[in-house]
Amino acid sequence: MTEPGLYHILTLSALLFCTGMYGFFTRRNLITLLMSVELMLNSVNLNLVAFDRYVWPEKTEGLFFSLFIIAVAAAEAALAIAIIIHLYRTHKSIDVQEAEELKY
Amino acid sequence: MTDFFLLLKNELGLCVLLLFLLVMKISGRDNASFLLPAMQWLLLFNFVFSLLFNSGGRLFGGMFDTSPLLAFQKAILNLALYLSSLLFESWLRKSAHLAEFFLLTLSSLLGFFLLISSAHFLMFYLSLELATLPVAALAGFAPMEKRSSEAAMKMILSAAFSSAVLLFGISLIYGLAGTLYFKEVPAALKEHPLTWLAVLFLIAAFAFKLSVVPFHLWTADVYEGAPASVSSYLSVISKGAVAFVFVSALHKIFVPLKGQIQPVLLGLTLITILIGNLFALRQQNIKRFLAFSSITQAGYILFAISSLKAESFTPVIYFIIIYIFSNLAAWSVASVMSSSAGKENQHDYAGLYYRNRFLAVALVLSLVSLAGIPPAAGFFGKWFLILQGASAAKGIITVFVALNLILSLYYYLKWIWVVFQNTNAGSDTITPTRMEKTGLILCVAGILLIGFWGDLYRYIVELVKPF
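Chains as they are written, first to last, in the numbering used here: chain C, 1 to 104; chain U, 1 to 467.
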């Protein structure tokens with residue numbers, strides 16, 4: 001059994017990113033859509049930290065970038081949840097299929 | 001120390017306005033009759049101020065980069081915000097949350113200013129989020145309206161998705177280059193399949209913000225659902241700023257990959273123009289129609305950008321100035337019509353000329369300019385865009401783009417025809433306020449005069465030269 005290396009982590013993060021993207025395109029519940037986007041953002045964090053650790057060990061930009069991503073993602077989620085609650089008030093549902101006032 | 005204030009003066013000006021709004025909000029003086037004229041004057045001062053004392057330099061360890069050219073771009077955006085504070089006066093007056101509206105728009109504009117000046121990917125990402133998130137909140141600004149909350153939902157989800165895609169691209173670039181400074185990235189980029197993937201991801205993120213075709217699906221829905229003032233902000237200021245940033249990013253970061261990027265951009269241009277035109281043909285709602293029209297205009301901008309030369313800055317800036325006047329006038333008429341009578345469909349515009357000549361003439365001139373018919377400035381804007389694109393693209397592609405211009409005449413002229421139709425569709429009076437009239441007169445003057453003001457074009461050429 002070898003130590004997990006850069007390629008293992010990159011594969012994991014690519015898989016996470018694809019899972020998030022798949023979820024974003026197929027799910028119908030708005031909260032789940034939001035969770036899918038968070039999954040994609042976390043895969044980016046994983047990428048940055050792995051590059052920092054394995055490829056550029058003398059630099060710290062990746063670490064700081066991932067900290068900023070976590071903070072901004074929290075702000076984004078707060079706004080998105082506020083908007084979803086507002087949508088629930090007007091539509092009485094958080095299903096994407098119910099929100100269909102605007103089409104073509 | 002004076003350097004710091006001079007280089008950051010546009011951003012600091014916006015911060016002062018934001019503080020002013022906060023103080024007014026806290027002290028309870030946020031009634032429209034006081035705050036709206038105050039904001040209009042302050043935005044005018046802000047615009048005039050942004051034309052003066054422009055210089056270049058770097059700040060914050062090279063993360064912030066400014067030059068007279070970038071300052072001029074910021075001045076253009078300031079002008080657009082000033083005009084929209086005039087043009088949407090009746091909607092703003094009715095709104096119960098005037099202070100919040102300006103707080104959110106100004107913070108978004110601050111984000112765009114920092115985005116234009118950013119020279120580091122961290123700065124770039126943070127300012128992009130600062131620019132996008134307030135707009136999502138603004139899209140849901142019409143209280144308890146089903147369409148508005150739906151528009152806000154679509155806006156925030158597509159923004160979050162596109163920023164995730166952008167970040168994945170940035171993380172790959174960091175892994176390959178080991179630096180996030182725009183200056184150092186091109187030298188450090190190696191020939192590697194991952195480079196190509198990273199660049200594609202970055203282009204996709206830009207395409208989302210510019211609403212270029214495979215990534216345009218949110219555009220029409222958000223534009224229709226959001227209040228007209230917010231949609232016009234998205235289609236004029238946001239699109240203009242992202243176009244500026246896209247040109248400079250292509251120029252600064254992706255220099256070594258020019259050969260591979262150009263076919264991608266040309267492909268995006270062609271489908272954007274074609275699909276935008278085809279969908280605009282069938283729109284009955286004026287906001288959706290303007291949305292697809294703005295998608296098509298983004299296609300023409302992209303055609304000029306695809307030449308991948310520094311000179312492509314000139315026609316893009318020139319076109320955006322003209323586009324501000326013509327598009328804001330059209331959105332303003334749409335806003336007056338929808339807020340005074342709740343009318344947004346094509347048949348509601350029948351015989352507008354016989355009900356309100358002023359609005360009808362403004363709408364017709366703006367559509368003529370958007371279509372690119374000669375006396376109006378839009379013609380000159382499109383002319384330079386297509387010349388720039390044609391300098392690098394094959395002849396057949398240029399012909400295709402020009403043919404699409406003819407196709408677009410059909411739907412613009414159809415709306416103009418409807419305005420002059422002699423029917424007795426409605427007898428209700430539609431009256432724009434005095435400020436709205438002033439704004440519309442400014443826009444019409446811009447549409448008619450800018451095309452003949454050659455010094456402006458020469459001035460932009462001079463600004464772009466050292467870039």
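In case anyone wonders, no lab produced these hints; they're calculated from the structure.
Note that this is a predicted model, so its numbers are computed, not measured.
Worth double-checking, as some hints may not be accurate.
Said to hold, decoys possible - Okay, the calculated bits of chain U under chain C, using three or more residues with CB under 8 Å as the criterion: (1) 126-136; (2) 139-146; (3) 163-170; (4) 177-188.
For glycine and all other residues, C-beta sits at the position ideal for the given N, C-alpha and C.
So, going through the hints one by one against the coordinates:
Taking a C-beta to C-beta cut-off of 8 Å, the region 126-136 of chain U contributes 4 residues in contact with chain C, enough for the three needed, and the coverage statement holds. With 4 residues carrying a beta carbon less than 8 Å from a beta carbon of chain C, the region 139-146 of chain U meets the three-residue requirement, and the given coverage holds. Counting residues of the region 163-170 of chain U whose C-beta lies closer than 8 Å to any C-beta of chain C gives 6; at least three are required, and the coverage claim holds. Given a C-beta distance limit of less than 8 Å, the hint that chain C covers the region 177-188 of chain U holds, as 3 residues qualify and 3 suffice.
In this structure, every one of the numbered hints holds.
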